[in-house]
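Trainee: Residues per chain, in single letters:
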Amino acid sequence: MKNIVILAFKNLTRHKKRTIITSIAIAFGIALLIWMDGMLKWADNESKRNLKNYEFGNFIVCTKEYADDRKDFPLDSVIEKPEVEKVLIIAENTGCFSSPRTGFRSMMSYKRGFGLPYVVFAIDPELDAKVFKIKDNIIQGNYLDKNSEGILISAYCKKELGIDIGEYIIMETRTKYNTMQALRLKVTGIFDCPNPIVNKNQLFITRTMAENNLQLEGMASEIAFRTENGDNQPALNKVKTLLASKKLTLLTTQTWQEYGSDYLAISQTKKGGSKIMIFLIFVIVAVGIINTMTMSIFERVREMGMLRALGMRDNDVIKCFIIEAAGLGLIGSVMGLFLGVCLTIYGVNVGLDFTSSFKDMDFGYRTGTIFYNEWNPGMMLAAFIFGILCSVLVSILPSKKAVKMEITDSIRYL
Amino acid sequence: MKKQITALMKTLTATLMATFLISAQALAITPEGILSKADDNSIYQSIKYIGTMTINKGTRKKPRIKTFNAIARGNDKAYIEFTNPGDRGTKYLKLGDELWVKGAYAERADKISGHKLRESMMGSDYSYEDSMDNEKLIDKYNPALTGSENIGNKECYILELNAKVKKITYSRLIMWVDKEQFVPLKIQYFALSGMLLKEMVVQEVKTIKGKYFPVKVKMEDKQREGSYTLFEMESVVLDEPVNESVFSKKNLEK
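The listed protein sequences correspond, in order, to chains A and B.
According to my numbering, the first sequence is numbered sequentially starting from 1.
According to my numbering, the second sequence is numbered sequentially starting from 1001.
The set of hints was computed from the structure by calculation and includes no laboratory data.
Because the structure is a prediction, the values reported are computed rather than measured.
Watch out, some of these pointers could steer you wrong.
To be verified - Cut-off 25 Å, straight-line C-alpha distance, at most; resulting in silico cross-link-like pairs (DSS-like, lysine-lysine):
(1) B/Lys-1111 / A/Lys-176
(2) A/Lys-200 / B/Lys-1164
(3) A/Lys-111 / B/Lys-1057
(4) A/Lys-159 / B/Lys-1222
(5) B/Lys-1249 / A/Lys-176
(6) A/Lys-71 / B/Lys-1062
(7) A/Lys-176 / B/Lys-1167
(8) A/Lys-71 / B/Lys-1048
(9) B/Lys-1062 / A/Lys-176
(10) A/Lys-111 / B/Lys-1140
(11) A/Lys-111 / B/Lys-1167
(12) B/Lys-1167 / A/Lys-81
(13) B/Lys-1111 / A/Lys-64
(14) B/Lys-1222 / B/Lys-1048
(15) B/Lys-1222 / A/Lys-111
(16) B/Lys-1136 / A/Lys-176
(17) A/Lys-176 / B/Lys-1164
(18) B/Lys-1166 / A/Lys-176
(19) A/Lys-64 / B/Lys-1167
(20) B/Lys-1136 / A/Lys-186
(21) A/Lys-71 / B/Lys-1218
(22) B/Lys-1057 / A/Lys-159
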């Protein structure tokens, strides 16, 4: 056996070019597998983070009707002022950060140009910054302060309307009593956050501003909660108990998972899709390995014939070739792992910028257009083992086929 | 001679009385009275007409033309079926506060609710709410007579209407009402902030069943440059009985 192993390794070093080319093919497949998996994993996790950090918080408290119709942002099924105050106290008692928000649909226009629909959220800037991360993504001007009479718009809105900081935007909307309202608001800040839903659809004004102009009378359409450790359940249970004990039975809670159920369902489908993608990459890698290994074995049928003519047993010949294939797989997998790690390091720190290629295209993920990577040691190990196993498995059949030939035919084989 | 004097006296008395009555009537004109008369011209029990909307959107070179058949009863029920090539078969049904729409190729009707009711109807400068409103203004606004002005060659009262109910689409209107026919020839619609949003100008009025009824109206969006909709009505039939089955979902989904 020792001699067979030595012979296999000698073969590897003897056919340097072939060894390198075959290993590179395996390495390329393995690296691609590691890189793609890391990117898809990042996109999935980043989408969930962005949903919580920019769109929803960990959970919200709202009326039951509002929970059913949240996509329409109705102003007639909201939490009235006394209940808002009670819920804010509940948030304090449960150690959560909370932010009352009132969302409403508006048509925004600039210089009597075309109007674009947006959802405007009336927020308390100080409280909102503790729940959401919009404040950390201001790229021009300032975040709102409590008495600000301006509006915070997204970089997307700036581009679409052709408006800039310090200029005035017209917001047409309805008040709580369905009365038409139009306000001329100064753009005081521009944000660019990694959640495309928020970037493309949402703008922000202060609650004070909304109170004075939209007949809101202290109401809020939802109160967003953020738990300190990021875990929903313990805080959610406490909030539910306190809501019941304070007889706030008309109010309900909705978690980010419930709100994002559509997205999460798509995400699950995407995971399935990602698995298919990974599987296809596996297949491509496997076909590559099969191809190079088969060629490498059939190229050496004469050599096998010679070994058999010199008295080497068929099984030993097969073993020798399998060990050689395992060696090739090992070299390819090590190289692939190294390349995959390098690509992942680049992906984690720099990322791939798809901005120019996909501009306003909807990826279906709640991420920006720069795609990063996430470490996935499990997949790295799996890819490494797969590289070796695949090489071994695909070398068995052609080796067996080659040794079935007559020695004389093998020697004459072209 | 005596007879002649008596006749002259009678004529003078009659003239004086007529002058007095006319002056008294003129003096008795109140903003509420003007608005009520304007309402009488605009409000109908039922209506049936063939409508055309010519939609101009500033940046668009070609105006879009939508034609439709409309039937309505009171303020609760209305049925519209579009007939222009691009929208043929699209139908709307208003039942109370509900509005249903069925696309040309859709199998079932969808309910339009909430914010969608406030959106533009078929891309025009009318919202669904605007286009289906048939309520008396006197019930919703407090009018004030602020002056008079000519619209074209017609002398008009200028009425300022401020909402007297909380739940209302426009908090303030300014209305130019024809002094002779009591038809609102121009209406400006304001936001709660006082910003002018829309302006409606009547371009043609027809006498139908004793009513002076506007049949050609231009609605201009004052916040969008060059955006206006010309709304024309033909073959208008007012206050005739309407078959109830028209206002059914079954008819909509037919």
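Trainee: Within 25 Å, alpha carbon to alpha carbon, are A/Lys-111 and B/Lys-1140?
Mentor: Outside the cut-off at roughly 32 Å; violated.
Trainee: Please verify whether A/Lys-159 and B/Lys-1222 have alpha carbons no more than 25 Å apart.
Mentor: holds (23 Å)
Trainee: Taking 25 Å as the top limit, are the C-alpha atoms of B/Lys-1222 and A/Lys-111 close enough?
Mentor: holds (11 Å)
Trainee: Compare the distance between the alpha carbons of B/Lys-1111 and A/Lys-176 with 25 Å, and conclude whether the hinted pair is satisfied.
Mentor: Answer holds: B/Lys-1111 to A/Lys-176 is near 22 Å, not above 25 Å.
Trainee: For the pair supplied as a hint, B/Lys-1136 and A/Lys-176, confirm whether the alpha-carbon distance does not exceed 25 Å.
Mentor: This hinted pair holds, its Cα atoms lying about 23 Å apart.
Trainee: Taken at face value, is the distance from the CA of A/Lys-64 to the CA of B/Lys-1111 at most 25 Å?
Mentor: holds (21 Å)
Trainee: Verify the proposed pairing of A/Lys-111 with B/Lys-1167, using a straight-line Cα cut of 25 Å.
Mentor: Violated - the C-alpha atoms of B/Lys-1167 and A/Lys-111 are around 30 Å apart, more than 25 Å.
Trainee: Please work out if A/Lys-200 and B/Lys-1164 have their alpha carbons no farther apart than 25 Å.
Mentor: Answer violated: A/Lys-200 to B/Lys-1164 is near 38 Å, above 25 Å.
Trainee: Is B/Lys-1057 close enough to A/Lys-159, meaning Cα to Cα at most 25 Å?
Mentor: Roughly 21 Å separates the two Cα atoms, so the pair holds.
Trainee: Sort out whether B/Lys-1048 lies within 25 Å of A/Lys-71, counting only the CA atoms.
Mentor: Violated, because 36 Å separates the two Cα atoms, which is more than 25 Å.
Trainee: Is A/Lys-71 close enough to B/Lys-1062, meaning Cα to Cα at most 25 Å?
Mentor: violated (34 Å)
Trainee: Run the distance test for B/Lys-1167 versus A/Lys-81: straight-line Cα separation, threshold 25 Å.
Mentor: holds (19 Å)
Going through the hint list in order, the structure does not satisfy hints 2, 5, 6, 8, 9, 10, 11, 14, 20, 21.
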